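Following the hints, complete the assembly by docking chain B onto the known chain A.
As a plain string of letters, each chain reads:
2 protein chains.
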Amino acid sequence: MPEIHRLDTRDADFATRLDALLAWESVADERVTATVKDVLDAVRTRGNAAVLEFTARFDRLELPDAAALEIPLERVRQAFADIPATQREALETAAARIRAYAEPQKIDSWRYTEADGTVLGQQISALDRVGLYVPGGKAAYPSSVLMNAVPAKVAGVGELIMVVPTPGGEVNELVLAAAAVAGVDRVFRIGGAQAVAALAYGTETIPAVDKIVGPGNIYVAAAKREVYGTVGIDMIAGPSEILVVCDGQTDPHWIAVDLFSQAEHDEDAQAILLCPDADYIERVAAAMDELLTEMPRAEIIRTSLRARGALIQVRDLDEAVDIANHIAPEHLELSVAEPEALAERIHHAGAMFLGRYTAEALGDYCAGPNHVLPTSRTARFASPLGVYDFQKRASIIQCSPEGARMLGATASVLARGEGLIAHARSAEYRSE
Amino acid sequence: MPEIHRLDTRDADFATRLDALLAWESVADERVTATVKDVLDAVRTRGNAAVLEFTARFDRLELPDAAALEIPLERVRQAFADIPATQREALETAAARIRAYAEPQKIDSWRYTEADGTVLGQQISALDRVGLYVPGGKAAYPSSVLMNAVPAKVAGVGELIMVVPTPGGEVNELVLAAAAVAGVDRVFRIGGAQAVAALAYGTETIPAVDKIVGPGNIYVAAAKREVYGTVGIDMIAGPSEILVVCDGQTDPHWIAVDLFSQAEHDEDAQAILLCPDADYIERVAAAMDELLTEMPRAEIIRTSLRARGALIQVRDLDEAVDIANHIAPEHLELSVAEPEALAERIHHAGAMFLGRYTAEALGDYCAGPNHVLPTSRTARFASPLGVYDFQKRASIIQCSPEGARMLGATASVLARGEGLIAHARSAEYRSE
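Protein chains in written order, with this note's numbering: chain A, 6 to 437; chain B, 6 to 437.
So that you can see chain A by itself, here it is in the shape it has in the complex (with noise of 0.2 Å):
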């Protein structure tokens, strides 16, 4: 039976033993900022040449110039062309219902007018360019960028520049494949801290961008971090977890699956069981043990649900709610009855599957609603990725005659408060 914590939340030293599980220090170690911080100074000042240099030493490959760096929109739409049927036609689908989903999240421009002429309003634009990380090799996954690619198209960026690191050359086809369809600009073939570095402050060659989004490394994740404020970015995101509320009705297998289906990402990932009813905890976890060795990725599950997986029984399924309020996971399955009353209760998660048939792994790829996600209990505070990611708002004001002469007494009063005389002046200006 793989090994997994198990906890009950009448056992007195219940809440400490979670907390425990659940705290996930996100920064990176000083030895990897320092060497970030090297990275994005040398693309700062010396462009192309420090590029080239990275790409060279971290991903072994050397290009004989700058516009090797490039790889060609033909080149791109070749992939797409050269792959299996059965792909070309799964990722149009997940496409078309990640762009259906999408298009409600949209916000629009609105506009408001006073008694007095005045009209206030928020203008909506889409952002200029955005900068699309990609990882390379094992952690390379086509569904990453249609989730970061369709809503930024859907919100209608102008350009949309992708980069993804070709370690040793290797390409991976289906990556170009899924940037064909969900109609990426250019490509360029970077990775690590240099890719961020070139999209924050451009090169000769890649332009800069607005904002970078995008799943990376550590040194992908601190270099996003550092360039933070140059450009927008999505988020830092930790570890992926599944957290599942089970009323013990549901296939016990099914539930071991979804588990794994986590737990296979990578070692630090995080899979919780809350259940009220032991036995049927038992049976999922000979399920798990079942199931294990039909799992090509069974020694990195092992791995993570050993150090942060956990198998919890609850009193009930009230307490299963407010458990999850706290833990505020990345993905919540409710394999219950009558999910949608749980639903209505949860303030805090990235992503819902309500229902027996609801499996996680079905967002992950092609239900529609984006599967970046905050994790680490920041959907206390975070949304999914969205359209809303790539659009902003400005403020519209404008005063009539009348309305100034109204909102200057306000602005007069409160300014001339604050001791901001020139404040106070500009607004009996137009007051007098």
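I should point out that these hints are in silico values taken from the structure, not numbers from a laboratory. Incorrect hints may have been included.
Since copy identity is lost for identical chains, a pair holds within one copy or between any two.
[Said to hold, decoys possible] Here are the simulated lysine to any residue pairs, SDA-like style, with alpha carbons at most 20 Å apart:
| hint | residue 1 | residue 2 |
| --- | --- | --- |
| 1 | K158 | S130 |
| 2 | K111 | H352 |
| 3 | K111 | E349 |
| 4 | K42 | E8 |
| 5 | K42 | R230 |
| 6 | K158 | H352 |
| 7 | K158 | Q128 |
| 8 | K111 | Q128 |
| 9 | K42 | A61 |
| 10 | K111 | S130 |
| 11 | K158 | D113 |
| 12 | K111 | R80 |
| 13 | K158 | G142 |
| 14 | K158 | A101 |
| 15 | K111 | I129 |
| 16 | K158 | S114 |
| 17 | K111 | K158 |
| 18 | K158 | D190 |
| 19 | K111 | L23 |
Treat the numbers as computed from the prediction; the structure is a model and nothing was measured.
Frame of chain A; chain B shown alone:
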């Protein structure tokens, strides 16, 4: 005549000089960062005791015990009762207008049902608990309390906790009065990095919050940057900026004092005029000279204009639009005959003030839109503070058995393409 940069877009070095003027490094130096880290660690591990020590050291305020950290609500309400009636009315007028503008910003939950019965949606929740940082001393702005607190309350935040230092015990009555008007729930007399730490981690007396908003000095900004991830933050604000685009037909005194109204904020503030009319630019310069002596903060204005201010002659208003989009200013005044046409072409600005009567200062206090705005070109990707900053989204997915079968087929293909077999099995179970 106050010293100020003079630029002309026809000059060969115009772009370089403009970018040099705009450049702003918000990064705290290593000494500040080290101090802040020590303060954060101390409060995290020693709670109230550390907060009391730092308050004694940095704010010269010895408190008898941790209970004295809180300013009781009765005291807050008393401040409102005790200020002059004109100030009470001004605060209430401003709060009502900020509230009216915030209401249409609320985002609502939505769902849709697909043909096979699968339900997709987005569920909106307000944040549970928010911390509002308010600076003490000379930069204590009651308007800032309203601008941060009112949208949080409109969003439905459960508990709004304000921190404001009272150096040497000195309380700003207008700030407390504004807190009363805005409906702040609790107030603590703490500031600096120790206040940010107390809000982020919680102490025995001060509850941990989910997000921290509000302006502060370099230590507060550095502390917010450090705790970002543990809690949400609003933004790392740079110095205030105004860009005025004028056709040369507005009273030059109005424009002069509009420029002053940003310049008086602090020595790093930035005030820039774009105008196609060289004579008019001279008239504004003359008006600045005439009015400067009337300004109590003339020295700050003089320093900020000399360092970062500019009068820029442009070829025409079309060129002014392009430059405005490059600058992406916090505040943009369009002091021209037909401001709407220009505003439509502005993609990057925090707030736009249309027409000759719309002084930027009206927006600082009471027009309605928020005065917490993206600075330092971050309007390229960021928005004004709003109700949406105190709400968050959770995705909803509820698959029908048929929907699970259909989606499972697509998810299985993509999961196997990514080598994630637990994901594939989890999807396939529901399709069998």
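Status of each hint after checking the structure:
1. In this homomeric assembly, K158 and S130 come within 20 Å of each other (Cα to Cα) only inside a single copy, at 13 Å, whereas the closest approach across copies is 26 Å.
2. Proximity of K111 and H352 under a CA criterion of 20 Å is satisfied inter-copy only: 17 Å between copies versus 23 Å inside one chain copy.
3. In this assembly of identical chains, the alpha carbons of K111 and E349 lie at most 20 Å apart only when taken from different copies (18 Å versus 24 Å within one copy).
4. Within a single copy, K42 and E8 get their C-alpha atoms no closer than 40 Å, and across copies no closer than 37 Å, so neither meets the 20 Å cut-off.
5. For the homomeric pair K42 and R230, the shortest alpha-carbon distances inside one copy (11 Å) and between copies (17 Å) are both at most 20 Å.
6. Taking CA atoms no more than 20 Å apart as the test, K158 paired with H352 passes between copies only; the shortest distance there is 17 Å, against 29 Å inside one copy.
7. In this assembly of identical chains, the alpha carbons of K158 and Q128 lie at most 20 Å apart only when taken from the same copy (19 Å versus 23 Å across copies).
8. In this assembly of identical chains, the alpha carbons of K111 and Q128 lie at most 20 Å apart whether taken from the same copy (13 Å) or from different copies (15 Å).
9. Taking CA atoms no more than 20 Å apart as the test, K42 paired with A61 passes inside one copy only; the shortest distance there is 19 Å, against 36 Å between copies.
10. In the homo-oligomer, the alpha carbons of K111 and S130 lie at most 20 Å apart both inside one protomer (11 Å) and across protomers (18 Å), since each shortest distance falls under that limit.
11. In this homomeric assembly, K158 and D113 come within 20 Å of each other (Cα to Cα) only inside a single copy, at 16 Å, whereas the closest approach across copies is 23 Å.
12. Proximity of K111 to R80 under the C-alpha cut-off of 20 Å is found in neither arrangement, the shortest distances being 32 Å within a copy and 44 Å between copies.
13. In this assembly of identical chains, K158 and G142 lie within 20 Å of each other by CA distance neither inside one copy nor across copies; the values are 26 Å within and 46 Å between.
14. Taking the closest pair of Cα atoms, K158 and A101 come within 20 Å of each other only inside a single copy of the chain (12 Å); across copies the shortest separation is 38 Å, beyond that limit.
15. In this assembly of identical chains, the alpha carbons of K111 and I129 lie at most 20 Å apart whether taken from the same copy (10 Å) or from different copies (15 Å).
16. Taking the shortest alpha-carbon separations for K158 and S114, only the intra-copy value of 18 Å comes in at or below 20 Å, while the best inter-copy value is 23 Å.
17. With identical chains, the CA atoms of K111 and K158 are at most 20 Å apart within one copy only, with a shortest distance of 11 Å there and 24 Å across copies.
18. Taking CA atoms no more than 20 Å apart as the test, K158 paired with D190 passes inside one copy only; the shortest distance there is 10 Å, against 41 Å between copies.
19. For a Cα distance limit of 20 Å, the shortest separation of K111 from L23 qualifies neither inside one copy, at 38 Å, nor across copies, at 34 Å.
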